[in-house]
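Q: In case you want the letters, here they are:
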Amino acid sequence: MTTAKNTFATAALTAALTFGAGAAAAEGLIISNWDGYMAPDAVDAFTARTGHAAELVLHATNEEIMGKLIAAGGKGYDVVFVSSPFAEVLHNLGLAETLDHGKIPNLANLYPEATTLAHDPGNAFSVPYAWGTTGLCYRSDLVSPAPASWHDLLAPSAALTGKTTMLATDRWLLAAGFLAKGFSVNETDPDKLAEVRDLLIAAKKTLLAYDDTTFYAKLVSGEAEMVQAWDGWCNYGIAEDPAIRYVIPAEGSDLWVDTMVILKASENKEAAYAFVNDILEADNHRWAAENILYKVPNQPAMAALPADLTELFPNMAITPATLLGYEQLRDVGAATRDYARLVSEIRAAQ
Amino acid sequence: MRQAKSLALMAPALAWLFALMVVPCALILALAFFRRGIYGGVEYTFTLENLALVFDPLYAGIFLHSARIAGLAALIAVILGYSAAYAIASMPRRYQPALLFIAVLPFWSNYLIRTYAWIVLLNREGLITQGLRVLGYEGEAPSLLYTEGAVITGLVYNYLPFVILATYAPLARLNPEIAEASRDLGASGWTTFRRVTLPLTLPGVVAGGVFVFVLSIGNFVTPALLGGGQFQMIGNVVYAQFLTANDWPFGAALSMVLIALMTGLLMLQTLASDRATGGATGGPQDG
Chain L
169 MTTAKNTFAT
179 AALTAALTFG
189 AGAAAAEGLI
199 ISNWDGYMAP
209 DAVDAFTART
219 GHAAELVLHA
229 TNEEIMGKLI
239 AAGGKGYDVV
249 FVSSPFAEVL
259 HNLGLAETLD
269 HGKIPNLANL
279 YPEATTLAHD
289 PGNAFSVPYA
299 WGTTGLCYRS
309 DLVSPAPASW
319 HDLLAPSAAL
329 TGKTTMLATD
339 RWLLAAGFLA
349 KGFSVNETDP
359 DKLAEVRDLL
369 IAAKKTLLAY
379 DDTTFYAKLV
389 SGEAEMVQAW
399 DGWCNYGIAE
409 DPAIRYVIPA
419 EGSDLWVDTM
429 VILKASENKE
439 AAYAFVNDIL
449 EADNHRWAAE
459 NILYKVPNQP
469 AMAALPADLT
479 ELFPNMAITP
489 ATLLGYEQLR
499 DVGAATRDYA
509 RLVSEIRAAQ
Chain E
0 MRQAKSLALM
10 APALAWLFAL
20 MVVPCALILA
30 LAFFRRGIYG
40 GVEYTFTLEN
50 LALVFDPLYA
60 GIFLHSARIA
70 GLAALIAVIL
80 GYSAAYAIAS
90 MPRRYQPALL
100 FIAVLPFWSN
110 YLIRTYAWIV
120 LLNREGLITQ
130 GLRVLGYEGE
140 APSLLYTEGA
150 VITGLVYNYL
160 PFVILATYAP
170 LARLNPEIAE
180 ASRDLGASGW
190 TTFRRVTLPL
200 TLPGVVAGGV
210 FVFVLSIGNF
220 VTPALLGGGQ
230 FQMIGNVVYA
240 QFLTANDWPF
250 GAALSMVLIA
260 LMTGLLMLQT
270 LASDRATGGA
280 TGGPQDG
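First to last, the protein sequences are chains L and E.
Throughout, my numbering is defined as the position within the first sequence, counted from one, plus 168.
FYI, my numbering numbers position 100 of the second sequence as 99, with every residue one higher than the one before it.
Just so you know, the hints here were simulated from the structure itself, not pulled from any lab data.
Do not rely on the hints blindly, as some may be mistaken.
Not everything, but these chain E residues come out facing chain L in the computed CB check (under 10 angstroms) [to be verified]:
1) A7
2) G36
3) G39
4) Q231
Positions of the beta carbon are idealized from the N, C-alpha and C atoms, including for glycine.
Same shape as in the complex, but just chain L (with noise of 0.2 angstroms):
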């Protein structure tokens, strides 16, 4: 759910091109986070809890940090939250630590349903910060009758044409298409990539716009009446309007996972998994949940957050048991050519 904090595509392409690895020296912990994806004082308490220096140096997107990480072979990081299916390429390459349980106590924190994810069951290589979904956020004052399938963003009714937006990340804009025709959010066969394809163009005449990080303002403004959204991100519009509500559609979800990675490179790794363990702490994962409104799979972390959190932000309180429900988006290896393909042609379709 990472190219959501996608702060800004030019930083993060004048970032990737930088060629190589743009390590800092290996003086104590190297973090690599999102922007504002933790609290602002997290480093630095760690490090006065645990006497283990730490940096936190940022990505703007998954695609940069793995940039990055492939380049140099895992080196000059320590700690990287990346989605599951990156954190699942970095298994794969044998660049993520196989992690030793006994150093992360507060695994125990974790819900049951957090330790049997698809892309690492049993966390052997990743532990998860933060789970959601991706549904309908829509101004419920402007839209009648309420969303419920996703033929309703694809097929919008004459009233809402032009005024619907889709996530423009590859992966989540076509699991739309997956979605509403009943197929796997990781398909790869290539008919059925054809029939997709066919319908998002449909769609596309439709839109007012592809949007990942705006999307939620353009709710408000009234701009947009109905976008695809993170359930976390359809928060941040009913912080400023009530009326705008996030409904996930009969046809269902994809359920995204943001990850903690240890390097399997790293030099620091006792202070790499006291660091994982500190973020498990239920205070500290709380922060993400209560600041950023993200739903955390730790729960005595869920348990603590007030009570009104989840009456005004409803999605906050979807179950574990019902997330793992959906199907999670996984690396498709060979097929990502072939995503990255059938969104250029549905984004060169006029």
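Chain E: place on chain L using the hints.
A: Relative to the frame of chain L, chain E by itself:
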């Protein structure tokens, strides 16, 4: 002797360009000849399939579409920019620096901020709509943003100063007596412009146009922001290969063709302007 001195003076700049521009670009472009690893990254086996893929109808079509948008932007920018430069050059000399300063002033602010300003202006709930509402307009708000027109507007706006600067220089240098001579010989104002002023300033016009075209065709920020991601230019495809598909080899292949196209155009433009100035002064170029 003179040559040695100029070489010594140029050396630091050349070394800078070479080490920090040419080498990194070459390293990226070289990736075009390798395979994308199954998990992203690069597999170092030689292949030409990335370059072949550039000429696939899909990507070739995006190239042509980008060229059309960039060409339209260049044409509009040349018409607006040349008119502005002509007007500035016809003003009394003492006002000219101030007018030029005003023309390039927006250029000193950040590109993204300038582009976002258009979003504020054009969006359905934006300033234009609000202005219309104040004037009593009640109907459905026009959707000006996320259209091809919005993309072209953004490109023209951002690159206009290039044309103004490139055409102002030859216009200001133009000896007014030449135009007077033309009129003395009975040519109308329009004929004088068409047969005297325009040909003499054509190198500047071509330079400005080529700049706008080259900068526009590779642009990815403006189509992403003002086009709402619905108008894909080749720059966006390159961006996506590097940053979302993690397909650096194909991104490199696209960039290679794009850079070759730009370099070819810039060389043609240099050639044309050399010939034009050569013809105008009637003497050989001393390179």
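Q: Taking the hints in turn, state whether each one holds.
A: Status of each hint after checking the structure:
| no. | hint | result |
| --- | --- | --- |
| 1 | A7 | violated (30 angstroms) |
| 2 | G36 | holds (8 angstroms) |
| 3 | G39 | holds (6 angstroms) |
| 4 | Q231 | holds (4 angstroms) |
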